[in-house]
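Residue-level listing of the chains:
Number of protein chains: 2
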Amino acid sequence: MTAKPRSMHLGAFLFQVGHHVAAWRSPHSKTEQIFDFDFYKQFAQTAERAKFDMIFLADTLAIPRKHDAYLKHAVTIRPEPLTLLSMLTGVTERIGLAATVSTTYHEPYNLAREFATLDHLSGGRSAWNVVTSSRDEEARNFSREKHLDHGPRYARAREFVQVASKLWDSWQDDAVVIDTNTGLYADPSKVQRIDHKGEFFSVRGPLNVHRPPQGRPVIIQAGSSDTGISLAAETAEVVFTAWQTLEEAQSYYRKIKERMKHFDRAPESLKVMPGILPIIGATEKEAREKEQHLQELVVPEVGLAMLSASLNTDLSGYSLDGPLPDLPQLEDINGGKSRFKLVSDIAKRDGLTLRQLMYRVTGARGHRTITGMPEYIAAELESWFEGQACDGFNIMPPYLPGGLDDFAQTVIPILQEKGLFRTAYTGSTLRDHLGLERPAARQTVQL
Amino acid sequence: MTAKPRSMHLGAFLFQVGHHVAAWRSPHSKTEQIFDFDFYKQFAQTAERAKFDMIFLADTLAIPRKHDAYLKHAVTIRPEPLTLLSMLTGVTERIGLAATVSTTYHEPYNLAREFATLDHLSGGRSAWNVVTSSRDEEARNFSREKHLDHGPRYARAREFVQVASKLWDSWQDDAVVIDTNTGLYADPSKVQRIDHKGEFFSVRGPLNVHRPPQGRPVIIQAGSSDTGISLAAETAEVVFTAWQTLEEAQSYYRKIKERMKHFDRAPESLKVMPGILPIIGATEKEAREKEQHLQELVVPEVGLAMLSASLNTDLSGYSLDGPLPDLPQLEDINGGKSRFKLVSDIAKRDGLTLRQLMYRVTGARGHRTITGMPEYIAAELESWFEGQACDGFNIMPPYLPGGLDDFAQTVIPILQEKGLFRTAYTGSTLRDHLGLERPAARQTVQL
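Keeping their order, the protein sequence lines are chains X and U.
Anchor point for the first sequence: position 72 equals 72 in UniProt numbering, and the numbering is continuous, going up by one each time.
Anchor point for the second sequence: position 275 equals 275 in UniProt numbering, and the numbering is continuous, going up by one each time.
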């Protein structure tokens, strides 16, 4: 018996009017439509026609620091992800629906209900990207002065996921009976309290939604710090990462799959999906020109503010064409550790000026940009996938809707021809698409 | 100049598979579809074709006390309202979308974003039913042992609405500029922090969603206690109530419109909409038989448990055919004061046995049932509306989808013929439908 060939997994990353920081200034973006339902409906239906595993929505709970530069020159407004994703349920049929919701400023009972509802009404297509909120400006929108430290923030996240999982499991799969003759709606012996009492939460349960079609929504995480890797190795089913080079990606891939053994998990029960920003041209020259054009649209104040945030260093006084100043030590960073390491590593490795670094990392927000003809982009994705650097990719179109249309029409068919990517959905749930098992309900406390 | 004639407003109350407590046992209900998107899509589209002002979703954050009776014989599961309502955005075009969200166990920044997102993407059709959570079993799902007392619960609700309103106003209507040439996305002089510091919340803002099409979602409330009336008179634009008789409804209507003067508000800026459960038959006899059939489907354990909860008294030991035991005093009730008064008043007034009272109030969950031919139901609605007892009704179909279909097909045309109800939407937002003004943004703190 030969092993089933691995299949590449693709997420369609839906961010503002494109992932590139200057997307909103591009003539290819429908910038006015950022709060228009039809814009999102078109995105979702294009992604579904192209057979993406899922649509993915990022989030943040505040307008970033350096208000003026951001407010003036960047897109700081964004739809609330779960609200938007719910809206897309009714206009799609098969594609997975993944939303980011922070564990730092939500309640597990509410979150468990929202995702259980989404999972039921979408027929088992939901995924939750579990994040922690690490910015003081987010804390100040939630009655706190400063954000939680790295340790307690992750401890809260871990307990949050536990509580939510217990709530999803609080109804056994066959608890709902519906016998109209005898008047028996549910079997109470199959509905359990969870009686959770932990460091951060006390939750009694049961949930007032029965068990979701997928058992639980697919759990996504993004942390690449050591604590983040442990949390993901223990609880995540998909991990989003940001890597610039094949070697870094391979090293991370080995590390997290290795770490899963500590938790008795099979390596294939977690899919690693780095973000990729594809800039596609009919010729390589055209693609380069597109990239160049986008870079020129970056407003320097915004680029510098983003770089300052990534590096936790105020760069506003420095010359754009000079070198970087001294940076803080990694261990002094609380929040965005992996982002700090990523950006400072690039700066050190390639000896870039501030302007060069700004162009390199702010455009794609730290993710790898692949610029070229569709064949080249497909070959690069293949080489990472076959090189055990990942199980798929989160595709971040630079501008929307054109950037997704281009990828769907030109790169996906090549991946399909190579036998790397599906030509039709074979299952109906997101777990089916991702090849993830449906978890059995754990026994909790009898009512 | 003559005053514009008042127009009746109608909400389509979407509750489980029908508002009647035994709806799930009725052969007319699609009980299996309670977590099926098509069930809700059909409801929403029927209500929109009938020109209802809005769809309304109630909520509760726990499975009620007396777990076993409820779990066994009642529907205790329900979709999370905001998630479900968001899903209906994409399959409707004009009808308003109202969801209940508790102020007791949510954060104002999250809620303000969710509703702002819904309002934008629905083209100005959102409404928020502001409630407080008053059950210990809800508290225990949110890391508390007991629910908040009436005073602090309402104080928190009041402050919550203030904070959310400030957040919706944190972007002036014309703050988003989008000048792709100069790179100016927004005018920072028109985006303000709110710097709210109150008893329950400290929130800095601004919101990361710009001002919604309606300025703010329509604010709905339901409290009928004196504190509830004051909060509604100050902040609500729609009030849902439950009255059994014309006189009670008229007295409440006068009282709340009078109370609004304290807050310098015009009486027409708040619409009073009592709940009505219509049981419709082609003949009166058929209607009575339908009602009788539904009553017989009520499982006595559930009816008694509901009555016990409403009256804050354990009735499980008493004979169904005997009188009520002594009840607690109104001032000792914390949570559900108006429900307690409603039910105990009926019991006192009409001298009912436990079984009679159970049938009277649990079927329609305390709301008025009108049983008869379509003409009779329309005439009853007209008499309350013309008798200054209300500005419209929240229609609670006893079972679904048939109960809404019947009302839409038989009662609405009569109301339209009488000139009481619209035959077409004349505006596009829920504020348009309800005849409510769009609030101007209040100035807050400059960034």
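Each hint should be verified, as a subset may be incorrect.
A pair holds if it fits inside one copy or across any two, identical chains being indistinguishable in the list.
[As the list claims (entries may be wrong)] Listed below are the simulated SDA-like cross-link pairs for lysine to any residue, each with C-alpha atoms no more than 25 Å apart in a straight line:
#1 LYS348 with PRO188
#2 LYS72 with ALA440
#3 LYS190 with PRO300
#4 LYS255 with MET373
#5 LYS348 with PRO267
#6 LYS72 with THR180
#7 LYS261 with GLY322
#8 LYS285 with TYR376
#9 LYS197 with GLN33
#10 LYS190 with GLY215
#11 LYS348 with ARG144
Treat the hints as calculated values from the structure; they're not laboratory data.
Do the hints match the structure? See the list:
With identical chains, the CA atoms of LYS348 and PRO188 are never at most 25 Å apart, being 62 Å at best within one copy and 35 Å at best between copies. Taking the shortest Cα distances, LYS72 and ALA440 sit within 25 Å of each other only across copies (23 Å), while inside one copy they are farther apart (50 Å). Within a single copy, LYS190 and PRO300 get their C-alpha atoms only as close as 59 Å, which misses the 25 Å cut-off; across copies the closest is 22 Å, which meets it. For a Cα distance limit of 25 Å, the shortest separation of LYS255 from MET373 qualifies neither inside one copy, at 32 Å, nor across copies, at 72 Å.
Taking the closest pair of Cα atoms, LYS348 and PRO267 never come within 25 Å of each other, the shortest separation being 33 Å inside a single copy and 68 Å across copies. Only between protomers do LYS72 and THR180 lie at most 25 Å apart by alpha-carbon distance; the minimum there is 11 Å, versus 60 Å within a single protomer. Proximity of LYS261 to GLY322 under the C-alpha cut-off of 25 Å is found in neither arrangement, the shortest distances being 46 Å within a copy and 66 Å between copies. Taking the shortest Cα distances, LYS285 and TYR376 sit within 25 Å of each other inside one copy (13 Å), while across copies they are farther apart (76 Å).
In the homo-oligomer, the alpha carbons of LYS197 and GLN33 never lie at most 25 Å apart, since the shortest distance is 45 Å inside one protomer and 34 Å across protomers. Within a single copy, LYS190 and GLY215 get their C-alpha atoms as close as 15 Å, which meets the 25 Å cut-off; across copies the closest is 46 Å, which misses it. Taking the closest pair of Cα atoms, LYS348 and ARG144 never come within 25 Å of each other, the shortest separation being 36 Å inside a single copy and 50 Å across copies.
Of the numbered hints listed earlier, those contradicted by the structure are 1, 4, 5, 7, 9 and 11.
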